Amino acid sequence: MIKAITAIYDTNLTHQLWTVEGLPWLKIGSIIGGRGEDYDLRSISRNSDLCTAFVAISTVPGMTVATIRTDLEHTLDRLKAENPGFDYQLVHPVERKFRTWILDHPPMDMPVDQDIVRALVSGYKQVTGHEPRGVGPPATQLGGRYGDDDAHLWEAGIPAPIYGPSGGSYGDDYADIDEMVLCSKVLALAALEMCG
Amino acid sequence: MDPEAAERVLQQIDQEELVDLGKSLVRIPSFIGEETPLARWVASYLSARGYEVELQEVERGWFQTVATVKGSGRDPSLMFNGHLDINPLALGWTRDPFDPWVEGNRLHGAGIRNMKSGVAAMIHAAEAIRKSGVSLAGDLVIACVLAELQGGLGTKHLLDNGYETDAAVVTEPYGAHHVVTKHGGMTIFPYISRVGIPAETRSMVLTPSPR
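Here the protein sequences come in this chain order: A and B.
Residue numbers for the first sequence follow this note's numbering, beginning at 1 and rising by one.
Residue numbers for the second sequence follow this note's numbering, beginning at 1001 and rising by one.
No lab work stands behind these hints, which were simulated from the structure alone.
Just so it is clear, the structure is predicted and the values come from calculations on it, not from any experiment.
Check the hints yourself; a few may be wrong.
Unchecked claim - Straight line, CA to CA, 25 Å or less: simulated BS3-like cross-link-like pairs of lysine-lysine:
hint: 1; chain 1: A; residue 1: Lys97; chain 2: B; residue 2: Lys1156
hint: 2; chain 1: B; residue 1: Lys1070; chain 2: B; residue 2: Lys1131
hint: 3; chain 1: B; residue 1: Lys1131; chain 2: A; residue 2: Lys125
hint: 4; chain 1: A; residue 1: Lys27; chain 2: A; residue 2: Lys3
hint: 5; chain 1: B; residue 1: Lys1023; chain 2: B; residue 2: Lys1131
hint: 6; chain 1: A; residue 1: Lys80; chain 2: A; residue 2: Lys3
Stated by the list, open to error - So the derived label-pair ranges between C-beta atoms look like this:
hint: 7; chain 1: A; residue 1: Asp10; chain 2: B; residue 2: Phe1098; range: 38 to 44 Å
hint: 8; chain 1: A; residue 1: Gln16; chain 2: B; residue 2: Glu1057; range: 37 to 43 Å
hint: 9; chain 1: B; residue 1: Glu1103; chain 2: A; residue 2: His130; range: 27 to 33 Å
hint: 10; chain 1: B; residue 1: Gly1133; chain 2: A; residue 2: Ile5; range: 58 to 64 Å
Where a beta carbon is used, it is the ideal one built from N, C-alpha and C, also for glycine.
My request is simple: use the sequences and hints to build the entire structure.
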């Protein structure tokens, strides 16, 4: 498994260059192993038999399940050839028993010249007296790595920018109260602008 | 936009009320698959204030909340969209995560960052409009969806059931000083490694561990 994880991290993901920095990005954030086919948690095994790693891939436009599978298989088949007795499966979509990621979020790439974007920017300027710090990609590379429901809405033909308060997490999770207040004001003004 | 109407709406934004709403959302745990009690609470909160509310059963016994402020005319419709499901608790909590508290400019509590603060902000924005008495010509939809952390099952269900507004704002925690229109997608592949096990030890795989 350790060799496989290293190989997965070293996989060259086929993609085209994009304006959001730091993508594509791959991370294994969760591993379940030594629990048999049913992931039985009632005991501790002395022999590892089967191990499942959840490989999360932040995608850019053009990447598909098929391209990702091909890239991972290319790496893992080479490992298999070098290690008799080792076998693997790539499962997609995620089985429901894992209670995670039933669907994929596609990448989001919406032009900024949408009325709703203009309405948010206008509301922000009205409340703060200045332009937003950014319109387009997120402020940080980390922010660009997560799929969100805006992409489903945009795929359905609904312009759907993200605008919401931030904070911090990983221990005593918090939101900034002044950002919550600012967002409420800007959202209200954007609704007045859009809906009359 | 009518400046007088805008001013009346902004006057209704109340920090204390907004924070209290955020706290109420935190107090009801809503881990993935367990959003229904919070969906019911949000439905009750909005129904009591005169919104047209639908509790949508996405799967048997699994609900999300959609409220609508009906517009008086034919202007474009807008959706505020936020998810009720929260991530598993990370390490490092120093207090009860479901008993929210304020410290300085920070509202603490389980799931407040991703994204009960955004849900509170969008509901409070709709409330500010309602309380101001300003009427909208287009519909305003408040969608408090489930399973965003499972890839967006709730929003997909919403779209499949006719909630197709002219525009939307998703109040994810990307920050109040940025409007985000592009970012990566997310695909998850469970990778299963099968290690060959000698036949004579195979029966030991699920035996209890030695003390």
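Hint by hint, here is what the structure shows:
1. A:Lys97 x B:Lys1156: holds (20 Å)
2. B:Lys1070 x B:Lys1131: holds (15 Å)
3. B:Lys1131 x A:Lys125: holds (23 Å)
4. A:Lys27 x A:Lys3: Satisfied, since the Cα-Cα distance of roughly 15 Å is no more than 25 Å.
5. B:Lys1023 x B:Lys1131: holds (21 Å)
6. A:Lys80 x A:Lys3: Holds. Lys80 (chain A) to Lys3 (chain A) sits at ~10 Å (cutoff 25 Å).
7. A:Asp10 x B:Phe1098: 38 to 44 Å: For Asp10 (chain A) and Phe1098 (chain B) the Cβ distance comes to about 41 Å; the hint holds.
8. A:Gln16 x B:Glu1057: 37 to 43 Å: holds (41 Å)
9. B:Glu1103 x A:His130: 27 to 33 Å: Once the Cβ atoms are compared, 28 Å apart, the range 27 to 33 Å for His130 (chain A) and Glu1103 (chain B) holds.
10. B:Gly1133 x A:Ile5: 58 to 64 Å: At 60 Å between Cβs, range holds.
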